[in-house]
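Position chain G relative to chain L; hints supplied.
So you can see what is in the structure, the chains are spelled out below.
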Amino acid sequence: MNPLRRIGAGLLDFCQQIGAIATFALVSIGRGLAGPWYPAQILRQMIDIGYYSLPVVGLTAIFTGMVLALQSYTGFARFEAESAVATIVVVSLTRELGPVLAGLMVAGRVGAAMAAELGTMRVTEQIDALTTLSTDPHRYLIFPRLLGGTLMLPLLVLVADIIGVFGGFVVGTTKLGFSPYTYIDQTLQYLETQDVVVGLVKAAVFGFIVTLMGCWNGYQSRGGAQGVGAATTRAVVTASIMILVFDYILTEIFFSR
Amino acid sequence: MTEAPAKIAIRGLHKSFGRKHVLRGVDLDVPAGSSVVVIGGSGTGKSVLLKCILGILQGDGGSIRVDGSEVVGASGGDLEGIRHKVGMLFQGGALFDSLPVWENVSFGVRARRKIGRDEARRIAVENLEKVGLAADVADLMPAELSGGMQKRVGLARAVALQPEILFFDEPTTGLDPIMADVINNLIRSLTRAMGATALSITHDMASVRKIADYVAMLYEGRVIWFGPVEELDRSGNDFVDQFIHGRAEGPITVGTR
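Protein chains in written order, with the working numbering: chain L, -11 to 245; chain G, 166 to 422.
Here chain L stands alone, though its shape is the one from the complex (with noise of 0.2 Å):
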């Protein structure tokens, strides 16, 4: 094949699904939207994305406040700027890292599970048995983890800054020589409203996209235990690729900010 056709041909594959996936979400949020609504499963999706993924949001959180103060003090000294650590770990893990790790962790574990689950779902017929006994599956599977996605992440954000700068603080106080009071009044006086929003709007963003990914790759996914298995795949890589792409675009929208 012409190498040029080819490139065309992948292009217009490429549209083709980026369309397919805009109207999935579409559709999802309208009928989602339009009720009936299912209480117990958004309950449900909210506390699997938002309640067991703290561990390990957690655990990522503190881990990377340690470092960052670790290594920023060992940066900063270096033109004896050591006073600006406690400043660069809360803004960095605020406005960046917080959002970005928290989200690649939950598609590694819930982008996962939905697409595998979904996907299972749909190899067995049960979303065609959800059809045959009056229940949309947009309604019933796909809009719950959505708006569980969108709505949780935040607060798993908000949890792993804090423990981030608990992260910072504890490497701090007790390796680099900070006094806690000079160490949380940095922390407080450099910090702005604005850092934190900038985060809670991407880890929304985040959340939505992994669970986007997760429910589209599952519910498309078709041949058995081999699609299941790719579909779970595809839902982790794509969501991991579109939070860093997305992660550009929001910080170059509130930039100036």
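Calculated directly from the structure, the hints in this document are not laboratory data.
Incorrect hints may have been included.
[As the list claims (entries may be wrong)] List of simulated lysine to aspartate or glutamate pairs, EDC-like, C-alpha gap at most 20 Å:
#1 G:Lys279 to G:Asp301
#2 L:Lys163 to L:Asp235
#3 L:Lys163 to L:Asp173
#4 G:Lys279 to L:Asp124
#5 G:Lys250 to L:Asp124
#6 G:Lys375 to G:Asp346
Just chain G, lined up with the frame of chain L:
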């Protein structure tokens, strides 16, 4: 084709997946109150036919009328009305593995009318008894059931809605001959007791002889023979003869790759 009015009337139904033409002009009448079994080899489009009637798959052309209502091209509300008349037993049972048996059985009833958990459980137990399962099965999870029990629970879920039409997708696949006969007897007795119209697909000839009033043979995307089950052995159709006797030699050729 028969004297009784058709509950389901299919004319010139086409369905393709990409370049693969699965249904190439299916004509079939399912007389009201009778049991029609569609036979045919694997991959001849039997399951696709059922899913087209339910509107889970959209036919590419032709017409499917259920009680006079057109399915092909119908939108959400109209399709929902048609699905309200249908209960379906899926090939693998398609039980929701996150819900206990009683919630599976009463799922459709709860989706269609507001009832409390106690009432839903009572309905589930009542329907489980109809398929020969004791009340203590109600609290088990689907994973704890044998294949035969899963089929019976699936059957209880299909009949719980008191549908006018019942679909059975390979109801005896994967069961031992005795359990298969139990399921066949249940299908026969329940459909007769409910006065329902039944459409089944299978390649199990023992099942065909037990549950069918009429038999249709699907081959290369078309119904090539239709008649009362009593005439199956003297159909005068070489394709039917080869299929019902399970002979490798004959007009039906099976690819090895």
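Evaluated hints:
1. G:Lys279 to G:Asp301: Measuring from Cα to Cα gives roughly 25 Å; hence the hint is violated.
2. L:Lys163 to L:Asp235: 32 Å, violated
3. L:Lys163 to L:Asp173: Given that 20 Å is the threshold and the Cα spacing comes to 18 Å, the pair holds.
4. G:Lys279 to L:Asp124: Distance of about 17 Å is within 20 Å: holds.
5. G:Lys250 to L:Asp124: 16 Å, holds
6. G:Lys375 to G:Asp346: 8 Å, holds
The structure fails hints 1 and 2 (numbered hints given earlier, in ascending order).
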